[in-house]
Structures are given as C-alpha cells and as structure tokens.
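Enquirer: One-letter residues, chain by chain:
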Amino acid sequence: MKLKQSLAMAVLLANSHAMAMPSFMTGGDLSIEGCAYGRGSHAVEGATANAMQELASFLSSPKMINESTAREELDSATSEWLLELREMSVEGFQLQQMPVVTSSPRIQGNDTCVTVTLAQGTLPAGQNSNEGGWESGTPDVTVTVTGEGWPDNDQGLTARNQAELDALKRAVSQVVGVWLTQQRAQFSTMEERASGNSSSIALNDLVSQQLHTRSEGLVKEWSTLDSRDIERGGVEVTIQAVVEKQPLAAAANDILTAIGSPRVAVIGPEAATRPLKAWLNENGVEVSKNASLRIMADTRLKSIGNTRQLGLAVTVEDLSGQQYGFWRNEPSLIALPASDTVQADLIDVHLALPEQEESLKAELQQAFQAMVAQGGLLREIRLRKNLLREPDKLQALLGTLGGARDVSVGTDGNYYHASMRYSGATGDLVSALRQSLRPIAAGSLPQANISNGYEITFN
Amino acid sequence: MKKFAHATILGLTVTMLAACQSGPARQTADTMVSNRASSATVARSAYEFEDADIKVPAYFDTQGLQNCTFDPASENDRCPLKKPVVRMYFSGTDVGGEGQGVDALREYDDGQLLFMLENQFAGINRFRIITQDDDLIAEEKQTYLEQQGAVDLATRAATERVLKPDFIVKLDTLRTVKSEGSITGWMDYTLEMTTATLNPFTRELMSHPNLGKIRVKSEDVRDRSELKYVMVNNRYTTGFRYHDAAHVNAVINDMASRGIDILLTRMLSEMPATAQVLGIKGNQISLDRGQNAGVLPNETMIVFQYEAGFVEPIGVAHVNPSRNSANGEIIRWKSSPLANDIEDQAASGIFRPRNGTKIFAVSVGTPAGFLESRT
Numbered sequence: 001m002k003l004k005q006s007l008a009m010a011v012l013l014a015n016s017h018a019m020a021m022p023s024f025m026t027g028g029d030l031s032i033e034g035c036a037y038g039r040g041s042h043a044v045e046g047a048t049a050n051a052m053q054e055l056a057s058f059l060s061s062p063k064m065i066n067e068s069t070a071r072e073e074l075d076s077a078t079s080e081w082l083l084e085l086r087e088m089s090v091e092g093f094q095l096q097q098m099p100v101v102t103s104s105p106r107i108q109g110n111d112t113c114v115t116v117t118l119a120q121g122t123l124p125a126g127q128n129s130n131e132g133g134w135e136s137g138t139p140d141v142t143v144t145v146t147g148e149g150w151p152d153n154d155q156g157l158t159a160r161n162q163a164e165l166d167a168l169k170r171a172v173s174q175v176v177g178v179w180l181t182q183q184r185a186q187f188s189t190m191e192e193r194a195s196g197n198s199s200s201i202a203l204n205d206l207v208s209q210q211l212h213t214r215s216e217g218l219v220k221e222w223s224t225l226d227s228r229d230i231e232r233g234g235v236e237v238t239i240q241a242v243v244e245k246q247p248l249a250a251a252a253n254d255i256l257t258a259i260g261s262p263r264v265a266v267i268g269p270e271a272a273t274r275p276l277k278a279w280l281n282e283n284g285v286e287v288s289k290n291a292s293l294r295i296m297a298d299t300r301l302k303s304i305g306n307t308r309q310l311g312l313a314v315t316v317e318d319l320s321g322q323q324y325g326f327w328r329n330e331p332s333l334i335a336l337p338a339s340d341t342v343q344a345d346l347i348d349v350h351l352a353l354p355e356q357e358e359s360l361k362a363e364l365q366q367a368f369q370a371m372v373a374q375g376g377l378l379r380e381i382r383l384r385k386n387l388l389r390e391p392d393k394l395q396a397l398l399g400t401l402g403g404a405r406d407v408s409v410g411t412d413g414n415y416y417h418a419s420m421r422y423s424g425a426t427g428d429l430v431s432a433l434r435q436s437l438r439p440i441a442a443g444s445l446p447q448a449n450i451s452n453g454y455e456i457t458f459n
Numbered sequence: 001m002k003k004f005a006h007a008t009i010l011g012l013t014v015t016m017l018a019a020c021q022s023g024p025a026r027q028t029a030d031t032m033v034s035n036r037a038s039s040a041t042v043a044r045s046a047y048e049f050e051d052a053d054i055k056v057p058a059y060f061d062t063q064g065l066q067n068c069t070f071d072p073a074s075e076n077d078r079c080p081l082k083k084p085v086v087r088m089y090f091s092g093t094d095v096g097g098e099g100q101g102v103d104a105l106r107e108y109d110d111g112q113l114l115f116m117l118e119n120q121f122a123g124i125n126r127f128r129i130i131t132q133d134d135d136l137i138a139e140e141k142q143t144y145l146e147q148q149g150a151v152d153l154a155t156r157a158a159t160e161r162v163l164k165p166d167f168i169v170k171l172d173t174l175r176t177v178k179s180e181g182s183i184t185g186w187m188d189y190t191l192e193m194t195t196a197t198l199n200p201f202t203r204e205l206m207s208h209p210n211l212g213k214i215r216v217k218s219e220d221v222r223d224r225s226e227l228k229y230v231m232v233n234n235r236y237t238t239g240f241r242y243h244d245a246a247h248v249n250a251v252i253n254d255m256a257s258r259g260i261d262i263l264l265t266r267m268l269s270e271m272p273a274t275a276q277v278l279g280i281k282g283n284q285i286s287l288d289r290g291q292n293a294g295v296l297p298n299e300t301m302i303v304f305q306y307e308a309g310f311v312e313p314i315g316v317a318h319v320n321p322s323r324n325s326a327n328g329e330i331i332r333w334k335s336s337p338l339a340n341d342i343e344d345q346a347a348s349g350i351f352r353p354r355n356g357t358k359i360f361a362v363s364v365g366t367p368a369g370f371l372e373s374r375t
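Protein chains in written order, with this note's numbering: chain U, 1 to 459; chain B, 1 to 375.
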C-alpha cells in the first residue's frame, strides 16, 4: 500500500514536471526545450541555460529516468547510455561540458525558446588536463650579440676583454630597447607616436649609456659563441647573454626618474594644477616656481546657451618655448549650467574620469621621455668675449662635455652665445663648464649668473 | 440597288473610322487646391469593419526579426526594429510686416513647443529622439554631481554618450494673421506646418515619411466670438487682446498643439506598425513584436498572408501589445476561401503558417481613441 502511494507520488511529480520532461526523438537523442523572457542573445543564453538545467535535473533524478524508460520502451543501447549519464551526473560531472546541439531560437509570445539536443551515445568530454594558455613572462631574456674590441694598454685590457665588455653593453642595450618599447606601448594612448622614431632610439641610447656602468649586475650569465680577429689587432666576439628583466627594468626606471624628472613649474587654475601636482609628486618630480620646465594648464569655458563646456589643454614646455608634450580633454563629455563654480566643477569631473586622467598622465610621461630623449633641457650659455682666449675651440669643447648634446655657438654683441641640451641640473653644468673651459679661457672665469634656471651668463 | 450598296459601304467605312478614333485617354482629373484646415484621420475600430474594408494598407513591411540583435545600441540595419535616431528642430519663420496684431504674433516663442513635439513623437515609438532640452540635462548633471560625486558622474558620462543622430526632423511653421471687420472685427490666425526628415551631413531630404502640409486655423481651436474685438476711433477698446503676446500665444499654442496631433496621426499612417503572426488559435493571434516595434494599444490591424509577393487579407484584428510581443483578436474574418480555411484550422488548435507562407499584421493608422486618450 505504502509502495503504491509513493509510486503515485512519483507519477504525480513526473506529471507536474511534464513541461520539463524531455521528449525522446526518434533517433534516440535526448532533446529538451528551454524558454526565457525577452529577445536577443541574452534571452537565447537564458533559454539554453534553462534547457541545460532541465536536462541536468532530468539526468540526476532516478525516478524520472525509470519512468520515462518504462513508458517510452527504449532500446537497450539508449537505456544503457542514459544510465551511464546518470551515474556520471551523480558523480558530479559538469553538464556544461557536454557537446550538445542548440537549435536556432524561436519566438513564442514574449519568450524566446531553443531546443537543446544531446545526441545518443554522447558522453561528457574528459577533463582537458593540458592547461594551455598564454605564456607567462619569463624572468630572463636571452640575446645573442656581437661586440668588437681593441687592446687598451692604459687600463691593461686586452682586445678580447674589450670586445666582451662591448658585447655585454650591447646585450643590455638591446633588452633596454625592448623594455622601453613595452613601456611606451603601455603608456601610449591613441597612436604609437614615439615608437620607432628618432626620439625613441635616442632614449634607448641614453638609458643604455647610463646602464653601461651597471651592466655586470644585469647580465646573469653569458657564454662565448664565436670569436675572430679583426683589423688593427682587434677581436670580434659573439656571445649569448642572459639578461635579468627585473633588475634591468628597475635600473632603467631609476635612470628615467633621475634624469627625466627635473624640477617643474605648474601654471594654471588651482583646480587644474592640483591633480597635476599630485601626479608629479607621486612620480618624484619636484614642483617649484622657478623651474626650467613648465607644465601649463589652460582652461576655457565654452558657452552653449545657459550651459558651459570645458576645454582643458596641458602643455609641457621649457622656458625657451620648446614644447615636449600636449594634451587636451574632450569637452563634449559634459556640460553643466553656468554658475560661479562651473569651471572648478567641470575640471573635477573631467579629471575624475579614469581614461582622461590616464591619458593626461601618459602624455606627461611621454613629454618627460621626449625631453630626456632629446638630451635634456635646453640651456643658454653667454660668455663675455674677452673671457675666452681661444673662442674657435668653444664649440668643440662644449661638445665633449658629458651629457651635452646639440651644441650650437654664435655671437651676440659682446658675448659668445651657446645653446645646448644638458641632461643634468643647471648647477652641475656650471661647474662642468668652469672645469672644461679653463684651457681656452683668458684667465680665471668669474662667477656664473643663473637666470630663469636655464640661462648661464659669465660676465 | 447599286446606289444603295454604295451608300452602305460608305456608311460602314464611316462607322469603322469612328471606331478607330477612340479619343484621348482620361487618366487625370482637375481638382480644386484646398486651403481648408487639415483634419485628423484615425483608424476605425476593428469592430466597425465590413468585409469590403478588409484590405491591406500601404507601407507594410514584411521583414522578419531574424536579422535583429535586440540590442538598441548595435542593432542591425536590416532589423525592422531598428529606429532612426533623430534630433528635432522647430523653426518658425519670422512674421514680417506691420498691422493689427502682427507684433504680438511675432513675439511667439516656440521653444517649449519643441519639447512638446519631442514628447509626443517619442511616445509613438517610430524614432529614437535626442532631446534638445540642454538646460534640463545640465541641471540634472549638476544635481547628479552634487549627490553622486565627480567620479561617478564622469564615468557615467563617458560610458553613456549622447546618441548620434541619423537624421534630423525639422518642423517648419508659417504663422499668418488677418483681421476682418471694421468697428467690430475678429482676428483670423493661420498656422501652416511642414516636416522634413533630412540627413544633416549629406543634406539629403528624405522622401519618407511624407507628412504633407498641415494647416490649422484659429477657428479650429477658438470660437470666432472669442477672437472678436471692438475698435473705437481706430483704437482697441474691448474684446480679444490681439496686441497682447500672452493672449496670442495661447491661441497659437492651441493651434500648434492641434497641428502636432494631426502630424502624429499622419506619421502613424505613413509608418504603420507591422508584425509577423506566429500562430492563430481560435480568433486569437500571437504577434512576434509589440511595444518594441511601435504597436500601440487598441491597434486596428489587418491580418494578411504574404506569399510570392502577393498579399491576401485574412481578417481584421484588435491588437494590444506587450513589451516584446502582441496579442490580438480577429474581430472579422475576410470572406474568402483562404480565410475560411485558416479559420477552420485555428478553431481546432493552433494554426501556424508553414511552407514559405507568412502571415503578417499591419496597423491601419492611428488607433481609434488615441487622440482622445493621448492628446
């Protein structure tokens, strides 16, 4: 009696799930319809998920299998397959991994429906233990480079020593190039402006030069692949070097920060300069009113009826007017009603947008890199004519100064006028000048006057 | 005898010649150009349809939903649910000249009328409208900034950009006034409206929807006695204050509002809602789209079979939409073998169109009762 009752319950249950009961198609495939409210891909996904859920609950319910197998008079192969599926589902396989066929969606009233079919005999695919995926970054970079060297008797180095040193430097330089390209890709906003052009190559050189002194610590190991003698007693070696990425990146970053972060002045309305100063501070750049590099934030309000839009432009330039970077916001982002505080409000909103903030920072970063790549800030040097004994050697002498580039010399009234880029502080340049100008000076050089942070005058 | 025969031959020849001379084809007719006020045309209720009225109206569209992504932001051009994004402009021509009541008419401000137009057009779901109400939008953003903060506002403003208009809908109006009478006179205002849909970049004016010209006269919205005034010694004494912009605005606003109503009814006739019939059960029909395709409540729709380019009316239905679909009732079946056959099949279960034939339902225009309940 009790058994009868429970059977009746099971039948009732099965009937109450009549909508969910999959119908067996003629081929013995298991197919079930699922519907979800709405239209489009969301509804199709929902309908598929519903169908899969029904399928899963069907497979995991033994009563239903028994019921349906009894009713549908299945052949033994299908019954066996169903039993196997049920056992697997009890063991907890993921039905989502089943290779089911989903029909094209049909519309039924407000619902979208699909039919999910599990072909007869299909079993869940085995777990794919082969964990593919993209390569994780290795800590080292291996490069093959060639170096040349000639004996240096002063320092007691053989041609081979010199060639090996040269090759190691090249190895570091090559990896620095890769690192900088990556950095730039990370920072560049819309276009790959700096990559591949002369400024990026110059930057590679510069950072590599600075890294030369530390190349021993950066090359983890190296082996000579080949060596041959070249003319004038020189040696050419080909080596394979393993360069560690992490210390190299850290060292290169240090250098960029050291030489690429001069003192800057920030000019503009308070609301715009505040976030700029915060970023400069984060990046170890000193903000000072009398700096030779200026970041200028220019704001202007555009009236559209009773509302205002903000145009914000940030320029990075040195005192001589040379521009290193330029950034503009997108004014159409937002308009607010005209009021006393509208400018500050608009600046807040524009710089609060992560994309705009990022692009501004990237532009600043690029501006600093561009400045470094060009060999530092432009400096103007004025020397009274009677201070020099051999003025014809001035250009050549300035060109030999460490860290100096793009030297040009002219005359300006009673003065010799030189302009050059220098990758260090102006004070350092002054002492370097006092040292190096001594051989061509008429006497001892007077104290230099530094005005505006970039003009050095020996009067 | 010979003479008679001769006369007979002559008579025959004349008759034959007369038969050959069929005269000019009469394909056109002269008609009067009307300057009467326009009136609104709405659909009759399905319950009032006779058999002969069950014909397929113009501009039905038999595209299925198979090309749709159902995502308004990236809808396929071939999807019938895709609606053009438009910005609306209301332009009033300056009223020129001098005379009684002209100054007051000139002062009419149509800014608010534009917003009214936007609201009404948005409701019929034929276009996606970008509002021109900049002040309101800016005001709301200011409040949002105060309440949610700059980061939230900036992020939202960046992710939800203003829609890009495909077209602009321009409403041109022409306002005229004339006064009649001498001591006791009355003002007679006329408002003419035309609309144009144009692509602002190519400057192409679209031929469709063609809403024609709408003419509204002051007598449509005000009894003539309300516009009467009395002049004494050529100076206004009493009656309608034709020189007072506020009073004139009230009349013009009513006229413009009526004009917009007529415009809506024309738009609904020019751009009817079409939906595919998925099944018929008894008298009930199930349609594959509803509000999303601009089907309005109490829509009168003609149900027709579409096969090989031919349409065959089946019946007239009273349809109500839900969000993504619509349900209707066939009120009258067309008296035709096809309709009878389908009616029989639907009586004993769900009839579903098969074998390449498709059944559609197309609205016949503004639903009966729309103007009373929505305008």
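FYI, nobody ran anything at the bench for these hints, they're computed from the structure. Please note that the accuracy of each hint is not assured.
Only pairs whose alpha carbons sit at most 16 Å apart, straight line, appear in this in silico EDC-like list of lysine to aspartate or glutamate [claimed, not checked]: (1) U/K302 / U/E330; (2) U/K361 / U/E231; (3) B/K83 / B/E98; (4) B/K164 / B/E75; (5) U/K302 / B/D71; (6) U/K302 / B/D166.
Enquirer: Indicate, hint by hint, whether the structure satisfies it.
Expert: Evaluation of the provided hints:
Between U/K302 and U/E330 the CA atoms are separated by roughly 12 Å; this keeps the pair inside 16 Å, and the hint holds. Note on U/K361 and U/E231: the hinted pairing is violated, with a Cα-Cα distance of about 50 Å set against a maximum of 16 Å. Annotation: proposed proximity of B/K83 to B/E98 is violated, straight-line Cα distance about 44 Å (limit 16 Å). Proposed proximity of B/K164 and B/E75 is supported: the alpha carbons are some 14 Å apart, at most 16 Å.
For the proposed pair U/K302 and B/D71, the alpha carbon gap of about 35 Å is over 16 Å, so the pair is violated. Under the criterion of a C-alpha separation no larger than 16 Å, the hint pairing U/K302 with B/D166 is inconsistent with the structure, at around 26 Å.
Against the hints set out earlier in the document, violations occur for numbers 2, 3, 5 and 6.
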